[in-house]
Amino acid sequence: MEMLTGWGMANRARSTVYRPLNAEEVAASITEAVEKGLSVAARGGGLSYGDAALNQGGAVLDLRGLNRILELDPHRGVVRAEAGVTIEALWASALPHGWWPAVVPGTMKATLGGCVAMNVHGKNHVGAGAVGRWVQGLGLVTGNGEERRLDRGVVAEDSDVWSLGVDDVVGAQGLTGTITDVTLSLRRVHSGFLDVEGRPTSSLEETFEALDRGAREADYVVAWIDCTGSKPGRGVIHSAWYLPPDHQLSGQAMDAEAQRLPSRLAGVLPRRHAWMALRPLTNGPGIRTLNAGKYVTARAGGVRRYRQTHAAFHFLLDYMPGWKRAYGADGLLQYQLFVPGDAARDAFAAVLAQQRSSGVRSFLGVMKRHTPEEGAAGYPLDGYSLALDFAVGRGEHYVRLMRLLRSLDQIGRDHGARVYAAKDAVSVGRLPGRRDRVFSSNLVRRWERGAHRGVPGSRS
Amino acid sequence: MKHVVLVGATDGIGKALARVYLDRSWRVALLGRDEGKVDAVVGELGSEFPSETIVGGVLDVARDGDVVPSLERALAALGQMDLLVYCAGVMEAGVSGTRRMVDVNFIGAVHVLSWGADYFVEAGKGRLAAIGSVAGDRGRKGNPIYGATKAALHQYLEGLRHALHGAGVGVSVIKPGWVRTRMLGDVPGFPPSIAASKAAEIIVRGLDRGRDVFYVPGWWWVVSSALRLMPRPLFKRIAPP
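First to last, the protein sequences are chains S and A. So the first sequence is residues 1 to 460, counted in the working numbering. So the second sequence is residues 461 to 701, counted in the working numbering.
Any given hint could be a false lead.
What the hints assert, rightly or not - Quick look at which bits of chain S chain A covers, simulated, 3 or more residues with Cβ under 8 Å: (1) 8–19; (2) 401–408; (3) 435–446.
As the list claims (entries may be wrong) - FRET-style restraints, in silico, Cβ to Cβ: (4) Arg406(S) - Gly584(A): 25 to 33 Å; (5) Lys497(A) - Glu146(S): 42 to 50 Å; (6) Arg406(S) - Val682(A): 36 to 44 Å.
As the list claims (entries may be wrong) - Derived, one-sided and incomplete: chain A residues facing chain S with beta-carbon distance under 10 Å: (7) Ser485; (8) Glu512; (9) Val515; (10) Gln540; (11) Leu624; (12) Ser657; (13) Asp668; (14) Arg669; (15) Asp672.
Since the hints were made in silico from the structure, they are not lab data. Just so you know, these numbers come straight off a predicted model, no measurement behind them. Glycine included, each C-beta is placed from N, C-alpha and C at the ideal position.
With the rest of the complex left out, here is chain A (with noise of 0.2 Å):
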């Protein structure tokens, strides 16, 4: 049977993939930083697929001594794992929030996939997957930290996936786009941005067939590639957001 560790998904896109899970009747493991908001969650969730099971656990990835054992409490709940998915994220603004950033969007998954790793290759298969950002693939005048601290998730994961080819593990990266969460807030005519089931979906899509790096939805990827290939000069004096 098929088994997912969801860590960072009592809102937004981890919510949101929770729920699709559920949905395909996979056994779903949902960890989050906040207990009461992860039993609401659970509940939630538990009575809409009544039939289904979902375990919930209690982690604050930025607390490192934390990690492993409470990723260890929920896998002795859920039984196994066959994926696990890092959604954790902020975006906080200005150079105060930088230590929150790099903490939870890079520190925190280097610990929570290094764990998973392991576990992965031990089994001889799986599947490591981040959620990434499209604000990580070039400096951005917008927010120029949390790019940074995507870029440097895109970077590990990256050297992850060859360092587990070998292993049989594989390695997602996920680039979403606009997508309409508590991070970005409901933003009235923000540009084309998707409702986090939509991206949970393509998400879900993306990962049933193994796809290393994807962008949510596909056509973010013409976006990005312009934005990469665009010289320096150019971008700017374009400035996008």
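So that you can see chain S by itself, here it is in the shape it has in the complex (with noise of 0.2 Å):
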């Protein structure tokens, strides 16, 4: 038995923890741990944030093992490589080829096979989709111990009722099975940096609109906005393009080395030990001074236009390490809802006033474009994401901010919101309709008895 956490820190359990190195060893562990009685969780770079990782009293499959990149076309651009992988991995050998990942999420220290699993987005999930639309195939293991290969466009018939599909398995939490490799389309890009445009909004009704245009006329869009001011909802945009095949500096920082994050902010900050700066600042007052100063910089600077490398324009959470820690010692969570879109704009006032009211400040907004999906389960829709970070605290600080999430969760039901697994610790969302018994997890065991309460939008 052995402790883990959720990236949050705030969630922890205690399981029996399966490290396999390859698909016959994922079969074997699985076959052992149902021998044993044992539920399974799949678990990769263990970046969500709450319990989706976790599985107290069961197993869980640490699948960083399958670390492999089995094989890349660099003329088509299609890589196939093993669950384990991280996002980090595979640019870094895509990129020399001049491809990369169409879909990134904010940390490159996730998993291909969690992203799969969760069906992540990118700043760009109008424009390119979720992962799920880059994957062409898959290796999976069944809760029976049975491997399988799975094409787009192809159903595996079986011996018995089950018959999966890519779909199946895309954004499934790892309940149809464990991922243990994944074939991916990579997109081709030119360049190792990206034009990027940083445009201030005043007011939550202009950050609506310039997602808007951001989600059809750039790249990459993604608005930060200041939850703390007079004016909630102001923020700052940043829309992000490709450069073209005949840019001047088309065919630079190709590399890993090239994309790597500077080892000092500004200059000076040893980014290993920047969250630090920021620990006396997470509290109400400071969060407001913090919010407030980025926001009025941005404001003075107006509408800036400058070059980043993807890296550095894509793994924010990547930015700081050990920035979480800045919360103290009883973590963090995000609180992210997907309304849509002809409810967002009142849903996002009604969260922002609340939020304002509660006593509790958020450190950090975040607004994003989205678009319906295919597979397993669905958070993503045609509408807008709002996430919001907390310290959970403790005593009478995490009693006020469990009173805001309930009142958030009821916004969020009013509005047809949706929860997203790879963030939530709080609230009920929609499971696959279709899983296999043998995998649960402690977040798969929250949503459960959510719908057994009647929670309303938690069956799918």
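Since each chain sits alone in its own frame, please combine them into the complex, following the hints.
Set out below in structure tokens:
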């Protein structure tokens, strides 16, 4: 038995941990766990914020040992890699050939298997879809220990009632089987740099409009919003564009060394220790000061255009290692709700107003534009997401936070919101309709209880 | 998120604690000896707090072999543990109740809390707590055996606190005075007693603050200190109940 924690440090569980090194060992581990009467959860980089990669009292397959890139076709831009390969390893080997993973999350430490199981999106959800759209095929081990190959467009017929396709696995949280390898199409890029534009917005309405425009006109778009000021919802929109083949920077920074994040912030602060500077700012006044400061600086600077490497633009979470520790020993959670387009303006205004009056401050607010997906479980929809980061804290802070989140859940239900498993620690989302009972997790049991209680929206 | 495991919580202070923690949006596992009663209390509290999490578990702390499997089952359902409170306790009359009181008030507590200590040491954080008693501070004529089991519990918890301090795990001893529960019955005109719900609020506050030892309500510290400091010849003559 071994203690594992969720990325936000507020969730933990003690499990029997298996560390398989290949698909056969994954199959053997699942078979052994089932014989012992244990449920099975898959874990990659352990970067789910809450309890999705935890399984108290059951088995956890730590898949980071499946870390080989099996095949990379530099002409077609297709890679076949084991499930435990990180996004970092993936782009590092693809970029020198002129390819980049079309969908990357906010951290490059996530594994390919984890990204597919959660069907993660990037800052280009509308244009590129979620990661599942780029999956051509999968290796999977099912609950009876059988190894399968699934290919896009081909539904494997089985001895029993199970016939599985790729879309039964994408976004299914590992509940239809454990992913052992992924065949993924990549995107052609001509430079290691992106053109980036930062543009301040002065209201929530303006932020919505800028996100819509960005989703139409830019390759990537994301909004940082100030949740604390007198005009909640004002913020900064960051848009980015790939460089064309004939650009003067074409062919530049096409290797891992050139993409490496700087070791010091602003040239002086060592990145590894930078989070300590945030620690004193995670109280109410500190959060207000930091957010207002960030906004005022952006406002004063007006529209800024600059170039960034892909890594620097995408992997915000990796920019300051250990930053989550600034939230203190009780950890952090991210409350993210996905709301349909026509309801989102009302919903997010209500969420921000509720947050302001609750006495609990979100350290960071992020908005994105989304689009619906095929796939097993659905957080993606045609609309917007708003993510708020909170320190979990203890005592009265914790109680106020939980009361706030209950009221945000209610706002979400009233507006048809959906929940994203990779982030969730407190709400109830939809589990995939089809699943094998061998597989479970702390999050799955929590959502099942929610469905049992009849929480609306919890059934797929 | 915060998760509390309450052992011996189908009645009295334990049940009142479950209610306060649910009201504070903690996720609660509630264990008790009687399955029917566990179901009833889980049902009652579940409908009182429909958006909170409460799971039940059957556990007879006097059956050594059942303790760990029962706790593991409850923990798997709850998901996690940030606090473990041992609330089980019995007061029986006469020498015939000795074995039962030792089993529930002391040996059961040791089994449950040792299991919890193991979990929290691995987590590198967490808090263990148990309900002791002012009756364990000094030998009293009312029920010397009950007092002795609570004194043993206090001493055990103090040792455990010192053993776990370096691991980041806290240990709290809760010492209630007279609380109106089944144990004391609804004795009318009992000296200044408080309701279990009031006691639970005081206990939650004390545990939130991470206090090592505290009285419920706080003024019992004065009474208990006076009793503890009282010279033996005088104590014999006054002989408080």
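Checked hints:
no., hint, verdict
1, 8–19, "holds (count 5)"
2, 401–408, "holds (count 3)"
3, 435–446, "holds (count 3)"
4, Arg406(S) - Gly584(A): 25 to 33 Å, "holds, 29 Å"
5, Lys497(A) - Glu146(S): 42 to 50 Å, "holds, 45 Å"
6, Arg406(S) - Val682(A): 36 to 44 Å, "holds, 40 Å"
7, Ser485, "holds, 3 Å"
8, Glu512, "holds, 9 Å"
9, Val515, "holds, 8 Å"
10, Gln540, "holds, 6 Å"
11, Leu624, "violated, 15 Å"
12, Ser657, "violated, 17 Å"
13, Asp668, "holds, 5 Å"
14, Arg669, "holds, 8 Å"
15, Asp672, "violated, 17 Å"
Hint compliance for this structure: hints 11, 12 and 15 are not met, and every other hint is.
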